[in-house]
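**Student:** One letter stands for each residue in the lines below.
Number of protein chains: 2
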Amino acid sequence: MDSDSILIGSRNVVFNISLVDLSENVKQRIVWPPTAAHRELCYLKGKSEEDCHNYIRVGAKLDEDRLLLCGTNAYKPLCRHYKFDENKIEVLKESEGQGWCPYDPYHNNTSLYSDGHVYTATVADFGGVESMIYREPLRTERSDLIQLNDANFISSMAYEDYVFFFFREAAVEYINCGKIIYSRVARVCKRDKGGPHQFWDRWTSLIKARLNCSVPGDYPFYFDEIQSTSDIVDSVYNSTPSKLIYGIFTTPTNAIGGSAICAFSMDDIMKTFDGAFKEQESMNSNWLRVPPNKVPHPRPGQCVNDSRTLPDKAVNFVKTHTLMDEAVPSINQPLLVRISPRNRFVAITVDPQVRTLEGIAMDVLFIGTDDGRIVKAVNRGKSGSIFTEELLVNVKHSPIKTLSIARGGISGTKLVIITNDEVQTIPLHRCSKILTCRECVGIQDPYCAWDTVTNACIAHGDIIGSKQHLIQNVFRGVHTTCQPSGHVVSAVAQHPYEKDDMDMDNKEGTICPKCSECNTNLCSSGENSVGQEKIVIYSADTLGMVVTTSVVATLVIGFVAGYFCSRHFRKNAYTNMPLHNPHNSALNGEGGASYLSPCANNKSINLLVNVPPKNTIDKNANTSSDNNKTLQKVKKTYI
Amino acid sequence: MDSDSILIGSRNVVFNISLVDLSENVKQRIVWPPTAAHRELCYLKGKSEEDCHNYIRVGAKLDEDRLLLCGTNAYKPLCRHYKFDENKIEVLKESEGQGWCPYDPYHNNTSLYSDGHVYTATVADFGGVESMIYREPLRTERSDLIQLNDANFISSMAYEDYVFFFFREAAVEYINCGKIIYSRVARVCKRDKGGPHQFWDRWTSLIKARLNCSVPGDYPFYFDEIQSTSDIVDSVYNSTPSKLIYGIFTTPTNAIGGSAICAFSMDDIMKTFDGAFKEQESMNSNWLRVPPNKVPHPRPGQCVNDSRTLPDKAVNFVKTHTLMDEAVPSINQPLLVRISPRNRFVAITVDPQVRTLEGIAMDVLFIGTDDGRIVKAVNRGKSGSIFTEELLVNVKHSPIKTLSIARGGISGTKLVIITNDEVQTIPLHRCSKILTCRECVGIQDPYCAWDTVTNACIAHGDIIGSKQHLIQNVFRGVHTTCQPSGHVVSAVAQHPYEKDDMDMDNKEGTICPKCSECNTNLCSSGENSVGQEKIVIYSADTLGMVVTTSVVATLVIGFVAGYFCSRHFRKNAYTNMPLHNPHNSALNGEGGASYLSPCANNKSINLLVNVPPKNTIDKNANTSSDNNKTLQKVKKTYI
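Protein sequence lines, in the order shown, are assigned to chains W and F.
Quick note: the first sequence, position 637, residue 637 per UniProt numbering, numbers continuous.
Quick note: the second sequence, position 179, residue 179 per UniProt numbering, numbers continuous.
Accuracy of the hints is not assured; some may be wrong.
Since the list gives no way to pick out one identical chain from another, each pair is judged satisfied if it fits inside one copy or across any two copies.
Said to hold, decoys possible - Each computed DMTMM-like pair below joins lysine to aspartate or glutamate, with the alpha-carbon atoms no more than 20 Å apart:
1) LYS319 <-> ASP144
2) LYS179 <-> ASP218
3) LYS179 <-> ASP325
4) LYS88 <-> GLU64
5) LYS243 <-> GLU160
6) LYS193 <-> ASP115
7) LYS243 <-> ASP274
To be clear, the hints were calculated from the coordinates, so they are not data collected in a lab.
The task is simple: from the sequences and hints, build the whole structure.
**Tutor:** As C-alpha cells, this is what we get:
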C-alpha cells in the first residue's frame with residue numbers, strides 16, 4: 001500500500017509487491033483461504049481440490065486505509081472489508097459475494113469502484129450461465145437474452161456520467177443466420193436509481209452496442225471477439241485531442257488465428273448510444289432499426305434526475321430495446337492485424353502520446369500474446385501503425401494475462417507483465433540493447449534515437465538539453481547518417497494483412513531473427529540484464545488446472561487489466577491491483593498458477609512459495625497452510 | 001481431334017495440342033476473330049482493345065466431326081457449329097451466343113454437353129449482372145434474387161437424371177445479418193420441359209443448397225467461397241464405394257487468406273435436395289424451414305414425366321422456394337486447410353484411388369494456387385489427409401487456371417497445368433528425383449517406394465512382379481530399413497490448422513526448403529528434366545489486363561476445369577478442351593494471356609505466336625491477324 005507498490009491478488013492470498021525491486025512486503029500480505037467447511041461443501045458439489053480455493057477476483061480501495069476484496073471462496077463467493085493499520089490488517093465486515101465475484105475461477109469478471117459504488121459484471125450463479133451487470137441493488141434481468149446473452153466480461157471504465165462495460169456475448173440479432181459471438185460495449189448511468197415500483201432493483205439506463213473491428217470491403221471481414229482493452233487514453237485522432245480505447249479483437253477459437261487491434265473514440269461510442277435502437281418485432285422477424293417516432297421520452301438510456309419517476313413505458317422500452325442499431329465504428333480500419341496459427345493477442349496496454357525526437361506524439365501499444373510474448377507497436381496516426389519489437393518474456397509460453405505501465409517514482413517507468421506463471425517488469429524500451437545506428441533507426445521506436453556523439457542507441461526522452469546530435473526516423477526507419485548505402489527498410493504495406501505478414505517475416509527479424517531464440521538474444525535480457533525483474537511465488541508446473549486470480553483495486557477507470565501502480569504514481573487515492581483472471585479461457589484452455597517473485601535489480605533471486613504437490617492429481621486438502629511455508633530458493637526458470 | 005490431343009481455346013483461336021509432346025497440330029487450328037464491325041461496335045461501347053477480342057469460352061463436341069464453340073466475340077457473344085474434315089474446317093452455322101457465353105471475358109461461366117443438350121451457366125447481359133442457368137429454351141427468372149443472386153459459376157456436371165451446377169453467390173438468406181457469399185450446388189432435371197402456359201421457358205426443377213465446408217465447433221468456421229471442383233470421382237468413403245466431388249473453398253478476398261479442401265458425396269447432395277425447403281414468409285421475416293405439409297405434390301425439384309403438365313401450384317412453389325433448408329455437409333471436416341497470406345488454392349483435380357504398396361487405395365489431390373504452384377495432397381481416409389509435395393510451376397506466379405490428368409496412351413499419365421501464361425504437363429509423381437531412402441519414404445507419396453535392391457526411389461505402380469524389395473510408409477513416413485536412427489517424422493496433427501502449419505513449416509522443407517527456390521531444386525525439374533513439357537503461345541507480359549479464354553468441349557461431365565484429354569484416353573466420344581477462363585477474378589485481379597507451347601519430351605523448344613505489342617497501352621486494332629504470324633523460337637522462360 002506504499003508508494004511504488006502493487007497489490008496482486010492470487011489464490012487465498014493478496015501480495016503487496018514493491019515495484020522498485022519486485023520484493024514482497026510480507027507484513028502487508030493478506031491471507032484469506034476458504035474455511036474448512038466451505039471447502040468441504042465445495043467438494044460435495046463435485047468440484048476439484050484446485051477449484052475449491054479462494055481466488056480473489058475483486059478489489060477496491062475504498063479509502064486511505066480500507067480495502068474491499070471478493071473471492072470465489074471455494075464456490076461460495078464472499079466479500080470482505082479490510083482495514084489497514086501500520087502493522088495490522090483487520091477484517092471489518094464480511095458479506096455474501098454473489099453477483100460481485102464468480103463462483104468458478106475460470107469465469108471472467110470485471111469490477112470498478114467509482115463515486116462510492118462498486119460496479120461488477122460477472123456470472124452470478126453456480127452453473128455459470130447467468131451473466132449480470134450489478135451495482136447494489138441494481139441488476140440486469142435474469143435469463144434475458146436481449147440484455148446479456150452468455151457474456152464474457154473484459155473490462156469496465158467510468159466516463160462522464162456513465163460506466164461502460166466491454167464484453168463479448170452470443171449475438172441475439174444473428175440467431176437466424178447461425179451462432180456467432182459479437183463484441184459489445186454497454187453503458188449504465190452512474191445516477192441510475194432503478195425504476196418505479198417492481199423495477200426498483202433493475203437498471204433503467206442499460207443499453208449496449210456492437211463494436212465493429214473489421215477490415216472494410218464489399219464483404220467486410222470481422223474480428224468479432226474482444227479479448228482485452230486499454231484504459232481510456234488521452235490521444236489524438238484526426239489532429240484533435242480524443243479519448244481513445246484500444247482493444248484487441250480476435251477471430252473465434254476454431255477459426256484461422258487472427259488478431260486485430262482496433263481503437264474506438266469515446267465520442268463515437270457516445271454517438272452510437274444516441275442513435276437508433278434495434279428491435280425484433282415478433283419472434284420470427286428480422287432485427288430492424290426502430291423508427292425515431294417509436295422511441296419514448298425521455299430518451300431511454302440517458303441519465304435522468306430520478307429514474308424512479310420514469311414512466312413505465314420508458315422503463316419497458318429500455319428493457320426490451322437494450323441493443324443499438326448501429327455498431328460503434330473503429331477509428332479507421334484495424335490499426336494492426338496479425339494472422340498466426342501460433343499465437344493470438346490477449347492483452348494490451350498503451351503508453352499514450354510518446355514524443356518522437358521531432359516532437360510528434362504517438363501512442364505506443366504493448367500487446368501480450370497467449371504464448372508468452374510481448375509485441376510492441378506504434379500508432380503513427382495517418383502514417384499507419386507498425387509493429388516494432390517482439391520478445392518472449394515467458395519461456396513456458398504462458399498467456400500474458402495483464403499488462404500495465406507503472407510510471408515514475410524511484411523505480412522508473414516500467415511495463416508490468418503478469419502471466420499465470422509470474423510477475424515481471426521490463427523497461428518500455430530496449431534502446432541500449434541496440435548496438436548499431438542502422439538498427440537503432442531501423443527499429444522505428446519513438447523512444448529510441450542514435451547518439452552520433454557517443455555512438456550509442458539511447459532513450460532520447462531522458463536527455464535534457466540539445467538533441468541536435470541525435471537521429472531517429474520512426475516513419476521510414478532509415479537515416480542517411482547511418483545508412484549511406486541507401487538501403488531502405490521496406491515501408492509498411494497498405495493492406496493490413498500484409499503488414500502482419502511483414503511483421504512476421506521481416507520485423508521480427510530486425511531485432512530477433514527467431515523469437516523462439518529470443519531468450520538468448522538481443523530481444524530478451526539475459527541473466528545479468530538490467531531492468532528486467534521477475535518474482536516467482538509458486539510454480540504453475542505443479543498446478544495444472546489451477547488458475548490464479550488476483551485482486552484489482554479498481555478506480556475511476558476499470559479493472560480487468562487493472563491499474564496496479566500505487567497512488568504515488570497515479571496521483572490518485574487508490575492502490576491498484578492487477579486482476580489475474582482466466583480471461584481468455586476460450587483461447588487458453590488450461591490455467592496455471594500465479595507466480596510472484598521479488599528480485600533486486602541485477603540479482604536473480606527467485607523465491608518459491610505455495611508449492612502444491614508435484615503431481616496435480618494428488619489432492620492436497622489443506623493447501624491453505626501452504627501460505628505459511630517459508631520462502632525458499634528455487635532454480636530460476638527464466639529471466 | 002486425334003488421340004492424345006487436347007483442344008485449348010484461347011483468344012480468337014482454338015489450338016489442337018498433342019499431349020505426347022505438346023506440339024500443335026496447326027492444320028486443326030481454328031481461327032475465329034470478331035469481325036471488324038463487331039470490334040468497332042465494341043469500342044463504341046467503351047471497351048478496351050483487349051476486351052474486344054473473341055475469347056472462346058464454350059466448347060462441345062456434338063459428334064465425331066462436329067464441334068460447337070461460343071465466344072465473347074467483342075462483347076457480342078456468338079456460337080458456331082464447326083465441321084471437321086480430314087484437312088478442312090468448315091463453319092456449318094452461326095447463331096447468337098447470349099446466355100451461352102458471357103459478354104465480358106472476365107466473367108465466369110460453365111457449360112456442359114449432355115444427352116444432346118448444352119447446359120450453360122453464365123451472366124447473360126452486357127452489364128454482367130444477370131446470372132442465368134440455361135438450356136434452350138429453359139432459363140432462370142430475370143432478377144430473381146432467390147433463384148440466383150450475382151452468381152459466379154464454377155463447374156457443372158451430369159449425374160443420374162440431373163445436371164448439377166457449382167457456384168458461389170450472395171446469400172439471400174443472410175441479408176439481415178450483413179453481406180456474405182455462400183457456396184451452392186444447384187440441380188436441374190435433364191428431362192425438364194418447362195412449365196405449363198407462360199412458364200414454358202422456365203425451369204420447373206431448379207433447386208439449390210448451400211455447400212458447408214467448415215471447421216466444426218461451437219461456432220463453426222466457414223470457408224464460404226467455392227473456387228474449383230474436381231469431377232465426380234469414384235472413391236471410397238466410410239469403407240463403401242462413393243461418388244465424391246472435391247472442392248476448393250476459400251475465405252473472402254479481404255479476409256485472412258485461407259483455403260480448404262472439402263469433399264462431398266453425391267449421396268449427401270441428393271439427400272439434401274430431398275430434405276426441407278427454406279422460405280421467407282414476408283419481407284421482414286426470418287428464413288425458416290418449410291413444414292413438410294406445405295410442400296405440394298409432386299415434390300418440386302424432382303424429375304417428372306412431363307413438366308408441362310405440372311399444376312401451377314407446384315411450379316410456383318419451386319420458383320419461390322429454390323433454396324433448401326439444410327446445407328450439404330462435407331464428408332468429415334475440411335480434409336486440408338492452408339492459411340497463408342501469400343497464396344490461395346484455386347484449382348483442383350484428383351487421381352482417384354491410387355494404390356499404395358500394400359494395396360490401400362487413396363485419392364491423390366493436385367491443387368493449383370493463385371501464385372503458380374502445384375500442391376499435392378493425399379486423402380488417406382480415416383488417417384486424415386496430408387500435403388506431400390509442393391512445386392512452383394510458373395515462375396511468374398500466374399494463377400493456375402485449370403488442372404487435369406491426361407491418362408494412358410503413348411504419352412503416359414500426366415498432370416496438365418494451364419495458367420494464363422502457358423500450358424505444361426508434368427508427371428504425377430517425382431519419385432525418381434528423390435535420392436535417399438529416408439526422403440523417399442518420408443514424402444508419404446503413395447506413388448513412390450524405395451527399391452532396396454537398386455537403391456532408388458521408384459514409382460511402384462510401374463513394377464510388374466514381386467514388390468518384396470520395395471518399402472513405403474504413407475501413414476507415418478518412416479521405415480526402419482532406411483531410418484535406423486529411429487527418428488520419427490512428426491505425425492499429422494489433428495487440428496486442421498496445425499496440419500497446415502506443419503505443411504508450411506515442415507513438409508515444404510522435406511522436399512524443397514523454400515519454394516521460391518523450387519525451380520533450382522529437387523522440387524522442380526531443371527532445363528533437362530524428363531517429363532515436364534511446356535508450350536508458350538503468346539506472352540502474358542505484353543498483355544496486362546487481357547484474360548485469355550479457351551474452349552472446353554465439355555461432355556458428360558462439366559467444363560469449367562474442363563476435360564481435355566482426347567477420347568482415346570477417356571474412352572468416350574468427345575474431345576475435351578480445358579477452359580481457360582478468369583475464374584477467380586476476385587482473387588486474381590489481373591488476367592494475363594494464354595500460352596501454349598509444344599516441346600518434345602526432352603527438348604525445350606518454346607514457340608511464340610500471337611504476340612501483341614510489348615506495351616499494353618499500345619492498342620493494336622488488328623491483332624486478329626497475329627494468328628497468321630509464323631512460329632518463332634523464343635527464350636524459354638521456365639521449365
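**Student:** Under a CA distance limit of 20 Å, which applies to LYS179 and ASP218: within one copy, between copies, both, or neither?
**Tutor:** For LYS179 and ASP218, the Cα distance is within 20 Å only across copies (8 Å; inside one copy 22 Å).
**Student:** How would you classify LYS243 and GLU160 at a CA-CA limit of 20 Å: within, between, both, or neither?
**Tutor:** within (12 Å within a copy, 65 Å between copies)
**Student:** Evaluate LYS319 and ASP144 at a C-alpha cut-off of 20 Å and name the case that applies: within, between, both or neither.
**Tutor:** within (9 Å within a copy, 39 Å between copies)
**Student:** With identical chains, the pair LYS88 and GLU64 could be close in the same copy or across copies; at 20 Å between alpha carbons, which is it: within, between, both, or neither?
**Tutor:** Within. Shortest intra-copy distance 14 Å satisfies the 20 Å Cα cut-off; inter-copy 102 Å does not.
**Student:** Given identical chains, is LYS193 near ASP115, meaning Cα to Cα at most 20 Å, within a copy, between copies, both, or neither?
**Tutor:** within (14 Å within a copy, 77 Å between copies)
**Student:** From the Cα coordinates, with 20 Å as the cut-off, is the pair LYS243 and ASP274 best called within, between, both, or neither?
**Tutor:** So LYS243 and ASP274 pass the 20 Å test inside one copy only (18 Å; across, 57 Å).
**Student:** Indicate which option fits the pair LYS179, ASP325 if close means a Cα-Cα distance not exceeding 20 Å: within, between, both or neither.
**Tutor:** So LYS179 and ASP325 pass the 20 Å test inside a copy (19 Å) and across (16 Å) alike.
The structure fails none of the hints (numbered hints given earlier).
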